[in-house]
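Visitor: One-letter residues, chain by chain:
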Amino acid sequence: MGKKPQIIEREEVVIRFSGDSGDGMQLTGTLFSDTAALFGNDLSTFPDYPAEIRAPQGTVGGVSGFQVHVGHKEVNTPGDLADVLVAMNPAAIKANAGWIKPGGTIIYDENNFTEKNIEKAGYEKDPIKEEKLDNCIIIPAPVTSMVREALKDLNLEPKAVLRTKNMFALGMVYWLFNRKFKYTDEYFEKKFKNKPDIVKANKIALRAGYYYAETIEALSPKYKILPAKLPKGVYRNISGNTAIAWGFLAAAEKAGLKLFIGSYPITPATGILEELALRKDLGVISFQAEDEIAGICSALGASFTGRLAVTSTSGPGLSLKSEAIGLAVMAELPIVIVDVQRGGPSTGLPTKTEQADLLQALYGRNGESPVVVLAASTPADCFHFAFEAARIALEHMTPVILLTDGYLANGTEPWRIPEMDELPVINPPFATPGDTPFLPYKRDEQKLVRSWALPGTPGLEHRIGGLEKTIKGTVSYTPDNHELMVKTRAEKIMRVSGSIPDLKVQGDESGDLLVVGWGGKYGYIITAVRELQMEGYKVSMVNFNYINPLPGNVRDLFSRFKKILVCELNLGQFAGYLRMKHQEFEYQQINKVQGQPFTINEIKQKCYEILKEE
Amino acid sequence: MAEENKLKYSPKDFKSDQEVRWCPGCGNHAVLSAVQRALAELDIPKENYVFVSGIGCSSRFPYYMDTYGFHGIHGRASTIATGVKTANPGLSVWQITGDGDALAIGGNHFIHAVRRNVDINIILFNNEIYGLTKGQYSPTSEKGLVTRTSPYGTVEEPFSVGELVIGAKGKYFARTIDANVTLSTQIYKDAARYKGTSVIEVLQNCVIFNDGVHENISGREVRDDRTLTLRHGEPMIFGKNNDKGLVLDGLKLKVVNLGDGYREKDLLIHDAYETNPGIHYMIASMRYPEYPVALGVIRAAAGQTYEMAVEEQIRSVGKNSEIKCVADLLKSGSTWKVG
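Each protein sequence line maps, in turn, to chains V and H.
First residue of the first sequence: 103, per our numbering; consecutive thereafter.
First residue of the second sequence: 21, per our numbering; consecutive thereafter.
In case anyone wonders, no lab produced these hints; they're calculated from the structure.
Bear in mind the structure is a predicted one, so any value in this text is a computation, not a measurement.
Check each hint, because a few of them may be wrong.
[Stated by the list, open to error] Pairs of lysine-lysine residues, derived as DSS-like cross-links and limited to a Cα-Cα distance of at most 25 Å, are as follows:
#1 V:K292 x H:K339
#2 V:K295 x H:K351
#3 V:K293 x H:K351
#4 V:K382 x H:K260
#5 V:K175 x H:K66
#6 H:K351 x V:K356
#7 H:K32 x V:K292
#8 H:K215 x V:K360
#9 V:K293 x H:K339
#10 V:K574 x H:K344
#11 V:K331 x H:K357
#12 H:K35 x V:K574
#13 H:K357 x V:K282
#14 V:K331 x H:K351
#15 H:K351 x V:K360
#16 H:K32 x V:K326
#17 V:K292 x H:K344
#18 V:K334 x H:K357
#19 H:K344 x V:K360
#20 H:K339 x V:K360
#21 H:K215 x V:K544
#22 H:K32 x V:K574
#23 V:K293 x H:K344
#24 V:K356 x H:K344
#25 H:K351 x V:K382
#26 H:K215 x V:K382
#27 H:K35 x V:K544
#28 H:K357 x V:K284
#29 V:K284 x H:K351
[What the hints assert, rightly or not] Just a sample of chain V residues kept apart from chain H, beta carbon distances all over 12 Å, derived:
#30 P204
#31 Y285
#32 P323
#33 K331
#34 N583
#35 E585
#36 D614
#37 I712
Even glycine gets a Cβ: it sits at the ideal position worked out from N, Cα and C.
Using the sequences provided together with the hints, build the complete structure.
Guide: And the structure:
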């Protein structure tokens with residue numbers, strides 16, 4: 103004691119909060135992230151929790167984690183390895199042992215490291231030693247007994263006292279990172295408005311943790327992370343699911359339409375329905391259907407009447423919606439289907455991440471059934487791609503499938519809030535009554551889009567449906583008509599490419615290796631590629647957000663690199679798709695199906711390997 | 021009622037230019053003309069009608085109506101109709117479905133639409149057989165029926181539409197016979213005016229695969245003695261000579277002959293608006309030969325509709341919210357300024 107703590111200035115730090123699912127780790131992580139964001143750091147978060155709501159206490163299966171990566175420079179991923187691990191019990195050590203940086207800091211609640219808990223986590227005696235974590239800075243803290251002591255004058259129930267353990271731990275982390283209490287205090291005051299005792303208890307626990315860390319200061323370095331240099335503007339933290347919901351709201355406003363969501367709860371997509379259910383103040387009709395099929399079909403009914411109609415789901419739900427997506431293709435009605443991908447097949451790994459629904463999105467329907475497929479890259483750009491998906495659906499009268507994943511859905515990052523004027527106006531092709539009878543499948547010549555005639559409009563009465571039709575809407579089994587309609591529907595989707603941007607290269611426009619990603623693994627790939635570029639390699643990256651149709655400059659771009667590596671969390675679905683669409687190139691692959699994202703190192707190692715060849 | 025049709029439509033205004041392709045003699049033809057007659061007599065602008073269907077013979081119906089129409093996918097008509105009505109409560113939404121479409125593949129959607137009380141009119145064509153796939157048994161087929169997929173007779177208990185509707189908290193149930201265009205027209209008009217999910221079971225004949233399925237009650241010679249047409253506020257009386265009626269005997273309905281110690285004033289009076297479903301359930305469940313089969317509007321209890329409850333919530337939340345447009349939402353909560 104008395105020794106000044108060492109202060110390390112760092113570009114970035116990864117912190118992982120980990121404990122029992124009842125320990126409040128998600129809240130702890132969120133409060134730390136929000137405080138960091140308000141301080142001006144760039145950041146990316148990821149909650150990693152079990153599918154079980156309350157798995158048995160103290161077991162590895164019940165460990166709930168929240169990782170946050172804060173930085174002074176641009177942060178693109180929640181980070182691979184943690185600099186700081188907060189472990190509320192031995193199981194949290196077990197679950198995270200492989201994810202701590204050598205020399206990192208581990209704070210743990212020593213009161214919870216009882217013989218019984220140690221055994222439950224699968225250790226014999228000393229988790230730290232058994233995991234060979236001795237090279238880390240270990241800070242055992244008597245969290246449980248300290249909060250009991252700190253709160254003894256409040257006469258709270260023992261349970262309520264124990265619920266503040268996470269705030270004690272958070273207080274210790276605040277000391278390490280020199281953070282202020284203000285935002286967190288305000289949170290308590292708002293959250294427990296009618297429970298002054300609980301507000302007080304949390305504030306005391308937070309400060310007790312902070313001062314405890316200060317008292318034992320010699321044990322760990324303090325970190326200093328300066329604010330990031332972000333573009334000017336007003337920012338907020340946003341998760342992918344919220345960003346999706348808000349993107350739809352913005353699109354509805356820009357199109358002058360009411361928003362309708364018909365959905366069924368499914369992990370990890372439910373947040374979209376929940377967020378839109380809140381937005382009655384913006385006129386949203388949110389319909390929680392009896393199943394996935396009812397979700398999309400109700401949305402199709404709403405679309406028929408002239409609403410911006412959306413449905414949200416995850417892989418198994420997308421399977422159930424297949425037939426109705428086919429109906430939307432045939433009826434040529436606008437609808438957006440969000441698929442928040444998770445580990446599959448079947449129920450699979452509901453809370454884990456994977457990119458294996460791509461082929462289902464592209465082809466998972468009977469007949470020739472083309473749809474537009476988009477994929478978002480980061481939690482914040484989910485807003486942009488939800489808006490884009492709605493724009494394309496409405497202006498091209500087509501279903502659009504938007505792919506995200508559990509990491510984007512629940513992860514957060516700072517987002518510069520756009521002004522509504524920055525967003526384009528959306529112009530759906532509404533039909534107006536004319537002198538001649540309305541022909542439901544008459545198209546504009548340029549985009550091949552039919553017009554949208556809304557019930558309630560005199561003179562535009564017409565019938566649509568799943569049977570093949572002529573331009574007039576008459577059911578027809580004529581061979582030539584069917585072929586004409588199949589080709590026209592396919593061509594209509596191809597012509598969407600006229601309204602999407604070219605692919606952008608991250609790095610030089612030519613080189614030895616082009617690393618290709620799609621959708622939500624952008625952050626990991628770009629971080630790896632930037633590091634390789636710093637090391638002097640001629641490596642660039644492209645990330646595809648427009649999957650069908652593909653952007654127009656793919657061939658030109660691919661031809662300027664000696665080698666192409668496609669990175670995806672599946673067995674090679676996008677690589678296979680590219681082989682079909684652009685056969686003239688050779689594609690190498692890096693694939694992973696562990697329910698976890700790539701680590702930056704995995705991508706780099708694969709790149710080194712390819713660059714070394716010949 | 022001349023004054024009710026201010027819009028002066030005739031049934032042919034609702035005929036589309038599509039050739040009707042049902043089999044000659046199919047009961048669907050009569051349903052189509054009864055619906056067209058009913059619509060012509062209602063005071064609803066033609067452009068406000070939307071006909072939604074699933075898959076099956078009857079589900080071709082929307083193509084033959086010169087209104088807005090959406091021919092959906094098998095079993096899902098209730099969900100599409102729910103979306104249409106909730107998104108635009110100003111429309112008059114009709115769901116056309118069959119016993120297979122509504123009660124087998126679409127059973128789940130059917131009960132949930134009824135439970136929510138969305139203001140849609142569901143015409144359920146019940147011919148107790150799959151027609152479009154050429155003669156397999158359906159969820160309403162009589163136990164023991166021999167069909168292509170039950171060559172030795174079915175071993176399943178059938179659903180009764182009325183029991184299912186009332187069991188799903190349904191507030192409106194009516195039953196008619198395809199060929200009885202006068203009664204059907206009255207019921208369709210009544211259902212259109214009723215606020216809530218109205219289910220109309222049409223006992224419909226499939227001339228090819230289940231011919232005469234309802235003949236034992238609908239035949240010209242027997243129908244008066246084997247059916248009871250209910251009218252709200254009137255006694256439950258039936259028979260060729262109006263000589264039979266229903267009374268409550270303990271906890272059960274009982275058929276009595278007038279004159280055998282019973283007079284008309286002893287008979288039950290039909291109250292379609294009663295909210296307690298008990299008596300309606302008993303009436304809807306009546307089967308020949310123990311009882312006459314009830315026709316007409318069996319139940320029409322008042323209740324809040326789903327789409328109006330949704331509209332009301334949007335109105336009241338909107339009034340009290342500080343968020344009036346998307347820009348307000350984007351800037352709500354914790355934000356910070358850079359630069």
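Visitor: Can you list which hints this structure breaks, lowest number first?
Guide: 4, 5, 7, 10, 16, 21, 31, 33
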